[in-house]
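Student: Chain by chain, the residues:
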Amino acid sequence: MKRRKLIILFMLVIGVSITACNAAPNVDWEVSISGAVSEPYSITYQELSKLPQIDQENILMDKSVGEDEYGTWSGVAVDDLLLKAGVDSDYVTVTAIAADGYAVEISKEELKGSIVALKENGEWIQKMDLEHSPIRLVCPQTPADRWVFQLLELRVNK
Amino acid sequence: MKKITSVIILICVLFLSFSCQPQWSFNIQVDQEEFTLNKKYIDEYQYLKNEAGKCEGLPLEIAFYQIDVNVIDSIVIKDTREIQHTYYWEDIADTACISKNGEIIIGEEELYPEKVIVNVNQSNDLQYSLLNIYPTVAAALEIELDEKLFKNPLINKKVDHIVLFFLDGLSEYQFQKAVKEDWLTALQEADYYTPALTVYPPRTTVASAAIITGKGPSENGVYKSGIRQTTLKTICDVVTDHGLTAVAVEGESLPFNLGNCEIVLSGDRNSDGSTDDNVFQKAISVMENGMPDFFFIHFHGIDDMGHTYGPDSQVVVEKVIKINGYLDQIIDRLPEKTMIITFADHCMHSIYGNHDKGNHGNLIPQDMVVFIHIYIK
Numbered sequence: 001m002k003r004r005k006l007i008i009l010f011m012l013v014i015g016v017s018i019t020a021c022n023a024a025p026n027v028d029w030e031v032s033i034s035g036a037v038s039e040p041y042s043i044t045y046q047e048l049s050k051l052p053q054i055d056q057e058n059i060l061m062d063k064s065v066g067e068d069e070y071g072t073w074s075g076v077a078v079d080d081l082l083l084k085a086g087v088d089s090d091y092v093t094v095t096a097i098a099a100d101g102y103a104v105e106i107s108k109e110e111l112k113g114s115i116v117a118l119k120e121n122g123e124w125i126q127k128m129d130l131e132h133s134p135i136r137l138v139c140p141q142t143p144a145d146r147w148v149f150q151l152l153e154l155r156v157n158k
Numbered sequence: 001m002k003k004i005t006s007v008i009i010l011i012c013v014l015f016l017s018f019s020c021q022p023q024w025s026f027n028i029q030v031d032q033e034e035f036t037l038n039k040k041y042i043d044e045y046q047y048l049k050n051e052a053g054k055c056e057g058l059p060l061e062i063a064f065y066q067i068d069v070n071v072i073d074s075i076v077i078k079d080t081r082e083i084q085h086t087y088y089w090e091d092i093a094d095t096a097c098i099s100k101n102g103e104i105i106i107g108e109e110e111l112y113p114e115k116v117i118v119n120v121n122q123s124n125d126l127q128y129s130l131l132n133i134y135p136t137v138a139a140a141l142e143i144e145l146d147e148k149l150f151k152n153p154l155i156n157k158k159v160d161h162i163v164l165f166f167l168d169g170l171s172e173y174q175f176q177k178a179v180k181e182d183w184l185t186a187l188q189e190a191d192y193y194t195p196a197l198t199v200y201p202p203r204t205t206v207a208s209a210a211i212i213t214g215k216g217p218s219e220n221g222v223y224k225s226g227i228r229q230t231t232l233k234t235i236c237d238v239v240t241d242h243g244l245t246a247v248a249v250e251g252e253s254l255p256f257n258l259g260n261c262e263i264v265l266s267g268d269r270n271s272d273g274s275t276d277d278n279v280f281q282k283a284i285s286v287m288e289n290g291m292p293d294f295f296f297i298h299f300h301g302i303d304d305m306g307h308t309y310g311p312d313s314q315v316v317v318e319k320v321i322k323i324n325g326y327l328d329q330i331i332d333r334l335p336e337k338t339m340i341i342t343f344a345d346h347c348m349h350s351i352y353g354n355h356d357k358g359n360h361g362n363l364i365p366q367d368m369v370v371f372i373h374i375y376i377k
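Protein chains in written order, with our numbering: chain A, 1 to 158; chain B, 1 to 377.
Bound conformation, chain A alone:
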């Protein structure tokens, strides 16, 4: 009896540990959706982590310098974030702005399949790549130098 309790306790500890390891890290970060939208809003890192996540598997990271790489990125679809802000379907581009002021304008066409990624190859970006943490815009249709890391704002342009 005692042995069975111990096994259950052990399994519980393992289960809780695994869950804790996979839980989103505690990050103080917000992304705002602004510009030509009817309901601009901000969303926290924690809220992003609870939205449906999309895996962009084995996509090409076309680098301007060095060898290209393939990787899997997981996060929230940009389309979903824009729709929630009431974006018009006739928007033309989105300007992605990083925390340090770096900015990139991306056309609607190029945004196809884009996600606000929280994970790279199954690991939270926050835990494995401090330089690019905690989140990164991943646009499979564009070279990787336009995948804005430390994303702070998605501004819709008409």
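I should point out that these hints are in silico values taken from the structure, not numbers from a laboratory.
Any given hint might turn out to be false.
Keeping only pairs whose Cα atoms sit at most 25 Å apart, straight-line, the calculated SDA-like set for lysine to any residue is [to be verified]:
| id | chain 1 | residue 1 | chain 2 | residue 2 |
| --- | --- | --- | --- | --- |
| 1 | A | Lys112 | B | Asp277 |
| 2 | B | Lys357 | A | Asp145 |
| 3 | A | Lys108 | B | Gln281 |
| 4 | B | Lys49 | A | Asp129 |
| 5 | A | Lys112 | A | Gly122 |
| 6 | B | Lys39 | B | Gly107 |
| 7 | A | Lys158 | B | Gly273 |
| 8 | A | Lys108 | B | Val264 |
| 9 | A | Lys112 | B | Arg269 |
| 10 | B | Lys233 | A | His132 |
| 11 | B | Lys54 | A | Leu130 |
| 12 | B | Lys157 | B | Pro195 |
| 13 | B | Lys224 | A | Leu60 |
| 14 | A | Lys158 | A | Ser38 |
| 15 | B | Lys54 | A | Asn121 |
| 16 | B | Lys282 | A | Glu110 |
| 17 | B | Lys282 | A | Asp88 |
| 18 | B | Lys282 | A | Arg146 |
| 19 | A | Lys108 | B | Lys282 |
| 20 | B | Lys224 | A | Leu152 |
| 21 | B | Lys54 | A | Pro143 |
| 22 | A | Lys112 | B | Thr308 |
| 23 | B | Lys49 | A | Gln150 |
| 24 | B | Lys49 | A | Gly122 |
| 25 | B | Lys54 | A | Ile59 |
| 26 | B | Lys357 | B | Gly107 |
| 27 | B | Lys224 | A | Lys158 |
| 28 | B | Lys233 | A | Glu131 |
Fit chain B to the supplied structure of chain A, relying on the hints for placement.
Tutor: Same frame as chain A, now just chain B:
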């Protein structure tokens, strides 16, 4: 007694570990000067390497640039068996690497050098570089700089406005040809003109940072693509600190954080495959809303076409002609007493064996020799 024994053992251990380290050195000769390269040097400049590079030691180019070599024609490696190996630099620039053991690795070849003689190009000692643009802007807008910290202004004229035309990827020889062939009529008149050196690696991020900080990579910390920030004041910061207005019209992305300039991005909103028309329209729109004191306008198309079709392609010529039209219309609308500084960030070479494409990033004249053209309206 015990203490003395411990100290002796420690000294022995230190001596042994020191003597086990591979010690090597060889000399690099540039003109009549000689520099010694050793393992310490290789370790010191590891941080300058592109992480994705295949060189496990240090790319030879990085070592050369650190001893003020800017443009190379060829090198001669004298190995320890007194055999000389001569290479054109453009053939090996991408692959030549010094290993941590002091070998020079070029593709499959491994050489043990005793001496390396660098034959620099005649443009190696050009007097001016992109770093001269920053003090020229400051002088023209009557902004005082600490002269000891910056290069000299190229021209000492006071004006009301400055426009920087940034023609990405247009080399000095292309510029000269374009003016001669009437492809670049907007820039046929000049109050000042000079060929100039860009910085290494000749890439847009690194060169942009050098232009807007007036400092090279070793001082502004921007020594490779992907670095977006500097701790130094940019020309945008300095201009706005003096109560002047500063606007930058860029293409679809910033090459680098420009600082306090008001940023106007101009992505390809009409999906015609180029941002230059968008940049032009945004530039006109900015001027219609009030001419800024400092106006930075970046056209990317020449570089884009050069990468895709090669720097000497007809497509590049057509792009130059197109941009000439934009420059013409912008200059026409500029107020009097405006200084227009036109330059490129880097140039481009045809990819070896494939003249349908182009690239840049090496210490060769095709990549390193740009131009600075100044016209005062």
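Student: If a hint holds in the structure, say so; if it doesn't, say that too.
Tutor: Structure-based check of all given hints:
Proposed proximity of A:Lys112 and B:Asp277 is supported: the alpha carbons are some 24 Å apart, at most 25 Å. A threshold of 25 Å between alpha carbons decides the hint, and for B:Lys357 with A:Asp145 the separation of about 20 Å falls inside it, so the pair holds. About 20 Å separates the Cα atoms of A:Lys108 and B:Gln281, which keeps this hinted pair within 25 Å; it holds. Restraint check for B:Lys49 and A:Asp129: the C-alpha separation of about 19 Å stays at or below 25 Å, so the hint holds.
For the suggested pair A:Lys112 and A:Gly122, the alpha carbons sit about 22 Å apart, so the restraint of at most 25 Å is met. Proposed proximity of B:Lys39 and B:Gly107 is supported: the alpha carbons are some 21 Å apart, at most 25 Å. Our distance criterion of 25 Å between C-alpha atoms is met by A:Lys158 and B:Gly273, whose separation comes to about 18 Å. The suggested pairing of A:Lys108 with B:Val264 holds, with an alpha-carbon distance near 18 Å, which does not exceed 25 Å.
A C-alpha spacing of about 15 Å is found between A:Lys112 and B:Arg269, which places the hinted pair at or below 25 Å, so the restraint holds. Taking the CA atoms of B:Lys233 and A:His132, the gap is near 24 Å; set against the 25 Å cutoff, the hint holds. In summary, the hint linking B:Lys54 to A:Leu130 is supported, as the alpha carbons are separated by about 24 Å, within the 25 Å threshold. For the suggested pair B:Lys157 and B:Pro195, the alpha carbons sit about 20 Å apart, so the restraint of at most 25 Å is met.
Our distance criterion of 25 Å between C-alpha atoms is met by B:Lys224 and A:Leu60, whose separation comes to about 21 Å. A threshold of 25 Å between alpha carbons decides the hint, and for A:Lys158 with A:Ser38 the separation of about 13 Å falls inside it, so the pair holds. A threshold of 25 Å between alpha carbons decides the hint, and for B:Lys54 with A:Asn121 the separation of about 23 Å falls inside it, so the pair holds. Annotation: proposed proximity of B:Lys282 to A:Glu110 holds, straight-line Cα distance about 21 Å (limit 25 Å).
Our distance criterion of 25 Å between C-alpha atoms is met by B:Lys282 and A:Asp88, whose separation comes to about 23 Å. A distance of roughly 21 Å separates the Cα atoms of B:Lys282 and A:Arg146; the hinted pair therefore holds under the 25 Å criterion. Taking the CA atoms of A:Lys108 and B:Lys282, the gap is about 19 Å. The hint holds against a cut of 25 Å. The straight-line distance between the Cα atoms of B:Lys224 and A:Leu152 is roughly 24 Å, inside the 25 Å bound, and the hint therefore holds.
For the proposed pair B:Lys54 and A:Pro143, the alpha carbon gap of about 21 Å is at most 25 Å, so the pair holds. About 23 Å separates the Cα atoms of A:Lys112 and B:Thr308, which keeps this hinted pair within 25 Å; it holds. This hinted pair checks out: B:Lys49 and A:Gln150 have alpha carbons roughly 24 Å apart, not beyond 25 Å. Our distance criterion of 25 Å between C-alpha atoms is broken by B:Lys49 and A:Gly122, whose separation comes to about 28 Å.
Under the criterion of a C-alpha separation no larger than 25 Å, the hint pairing B:Lys54 with A:Ile59 is consistent with the structure, at around 23 Å. Restraint check for B:Lys357 and B:Gly107: satisfied, since their Cα atoms lie roughly 22 Å apart, inside the 25 Å limit. Distance restraint check for B:Lys224 and A:Lys158: the Cα-Cα separation of roughly 34 Å exceeds the 25 Å cut-off, and the hinted pair is therefore not satisfied. At most 25 Å may separate the alpha-carbon atoms for a hinted pair to count; B:Lys233 and A:Glu131 meet this at roughly 23 Å.
Violated hints for the displayed structure, listed by number in ascending order: 24, 27.
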